[in-house]
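Student: As numbered in my numbering, residues 74 to 136 make up the sequence shown, in order.
To be clear, the hints were calculated from the coordinates, so they are not data collected in a lab.
No residue lacks a Cβ here, since even glycine has one placed at the ideal position from N, Cα and C.
Just to be clear, a hint being listed does not mean it is correct.
[What the hints assert, rightly or not] Derived CB-CB ranges, DEER-like: (1) Val130 with Gly77: 16 to 22 Å; (2) His119 with Gly86: 24 to 30 Å; (3) Asp85 with Glu126: 37 to 43 Å; (4) Val94 with Leu125: 16 to 22 Å; (5) Glu99 with Ile120: 33 to 39 Å; (6) Glu115 with Asp78: 17 to 23 Å; (7) Glu100 with Met74: 17 to 23 Å; (8) Phe96 with His119: 23 to 29 Å; (9) Glu127 with Thr81: 29 to 35 Å; (10) Lys76 with His119: 17 to 23 Å.
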Amino acid sequence: MNKGDFFTLYWDGIALTVCVVGFYQEEKTGEDIVVLALVQQENLVHIPLDQLEEIPVEGKLVN
Numbered sequence: 074m075n076k077g078d079f080f081t082l083y084w085d086g087i088a089l090t091v092c093v094v095g096f097y098q099e100e101k102t103g104e105d106i107v108v109l110a111l112v113q114q115e116n117l118v119h120i121p122l123d124q125l126e127e128i129p130v131e132g133k134l135v136n
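Make a model of the complete structure from these sequences and hints.
Tutor: Below you can see the structure in the form of structure tokens.
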């Protein structure tokens, strides 16, 4: 599992698309935690990377 990966989880018979946003280690327990974002397929936008600057966004994009 890598940052940026998309995959499908099934929860109570419902398919959920999620994206891996990041990872961290819980301070108190040392447990590895993954941060996931729930993604709705109809909200996905696919654009060429070189056109990303043409999209109006507030602030700067940070990875």
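Student: Give a verdict on every hint.
Tutor: Do the hints match the structure? See the list:
1. Val130 with Gly77: 16 to 22 Å: holds, 18 Å
2. His119 with Gly86: 24 to 30 Å: holds, 28 Å
3. Asp85 with Glu126: 37 to 43 Å: Because 41 Å falls inside the window, the suggested range holds.
4. Val94 with Leu125: 16 to 22 Å: This hint holds: roughly 18 Å between Cβ atoms.
5. Glu99 with Ile120: 33 to 39 Å: holds, 36 Å
6. Glu115 with Asp78: 17 to 23 Å: holds, 20 Å
7. Glu100 with Met74: 17 to 23 Å: holds, 21 Å
8. Phe96 with His119: 23 to 29 Å: holds, 25 Å
9. Glu127 with Thr81: 29 to 35 Å: Hint holds: Cβ distance 31 Å, inside 29 to 35 Å.
10. Lys76 with His119: 17 to 23 Å: holds, 18 Å
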